[in-house]
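Just so we're aligned, residue 607 is where the sequence shown starts under this note's numbering, counting upward by one.
Every clue listed holds true.
With a straight-line cut-off of 16 Å between C-alpha atoms, the simulated EDC-like cross-links for lysine to aspartate or glutamate are:
#, residue 1, residue 2
1, K608, E707
2, K658, D881
3, K608, D914
Hints are computed from structural coordinates only; laboratory data are not their basis.
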Amino acid sequence: MKLVQIHQPGGPDALVIANVPAPVPGPGQVRVAARAIGVGRPDVLMRNGTYKWMPPLPATPGGEMAGVIDAVGEGVAPELAGRRVLVSARELVQRGGCYAEAICVPADAPFELPAAISFEAALSLPNFLMADALLNRCNPGVRARRVLLTGAAGGVASAVIQLARLQGSEVIGVVSSDEKAAFATAMGAAHVIDRLRESIPERVMALTGGEGVDLALDHIGAGILVDCLHALAPFGMAVSYNIVGGPPQPEIFGELRKLVGRSLALRCFSIHSFDHDRATRRAATEGLIGLLAEGRITPPAATRMPLDAVRDAHRILDAGETIGKIILIP
Numbered sequence: 607m608k609l610v611q612i613h614q615p616g617g618p619d620a621l622v623i624a625n626v627p628a629p630v631p632g633p634g635q636v637r638v639a640a641r642a643i644g645v646g647r648p649d650v651l652m653r654n655g656t657y658k659w660m661p662p663l664p665a666t667p668g669g670e671m672a673g674v675i676d677a678v679g680e681g682v683a684p685e686l687a688g689r690r691v692l693v694s695a696r697e698l699v700q701r702g703g704c705y706a707e708a709i710c711v712p713a714d715a716p717f718e719l720p721a722a723i724s725f726e727a728a729l730s731l732p733n734f735l736m737a738d739a740l741l742n743r744c745n746p747g748v749r750a751r752r753v754l755l756t757g758a759a760g761g762v763a764s765a766v767i768q769l770a771r772l773q774g775s776e777v778i779g780v781v782s783s784d785e786k787a788a789f790a791t792a793m794g795a796a797h798v799i800d801r802l803r804e805s806i807p808e809r810v811m812a813l814t815g816g817e818g819v820d821l822a823l824d825h826i827g828a829g830i831l832v833d834c835l836h837a838l839a840p841f842g843m844a845v846s847y848n849i850v851g852g853p854p855q856p857e858i859f860g861e862l863r864k865l866v867g868r869s870l871a872l873r874c875f876s877i878h879s880f881d882h883d884r885a886t887r888r889a890a891t892e893g894l895i896g897l898l899a900e901g902r903i904t905p906p907a908a909t910r911m912p913l914d915a916v917r918d919a920h921r922i923l924d925a926g927e928t929i930g931k932i933i934l935i936p
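With the hints as constraints, model all of the structure from the sequences given.
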């Protein structure tokens, strides 16, 4: 079978496709034959060797896979064979492992998929789990009336927009092109700001009658995170969940002191906060499976590429050209 490996960190060319024997499930394990594989930002961090939860080399990236259980190990109920499932690396001992035509995992790790959910749609569930955590776990018990969302055309962003709308929150998306603006609007953003043409804080204040937003979600960093602080309402919170554009500039605490009259909060968030909270993680995912099966949330159309084109998929991610999610088809 085909398996993508990283022997030495680097650019997209560091991804090597190997032909290896199909894995055999051990006691308590099942083997999942992939039908669709998700591509995400953590895979890029793993590829370039900067992922804080880096598995030992040679490593196989990939945070999610949807497919069918085609073999079971000793002690596992035979009737599990044939079930349609989602494998999330968040349920495994170490991250990654899903860039493969098949993977063996503990029998209690996969999530069973209803017939109403396609394999490709299932790959959006980890994005929705991240979105749920950003909206509801970062400031428990506080429901944001308005949410500012940077990079509003990505996979996690589209999930945030949908869940926020479902909860009755208004979303203001921040994008960098007309194409991405159209995407965010189609997902349900109430307003869109082009950060290359407009001042984010000024536009937010104009849209909100000078009140600002209650919650700002940012994965870019650099000067964008500082803009988010200036767009917050009193007692608002900014959440930084990545810094793909580099560390915040200017110095972030100094900016918070400048705005001390608003009593703002800043949280650095990672989904790894739930690595040791299996019950919360799985309950939230099961709830999202229900919403997806009912059609209350809908992933956007994905960019489909063959597994052999994994390097090209990473080049698209590196260039920041992706809209929605990239999916590899084995």
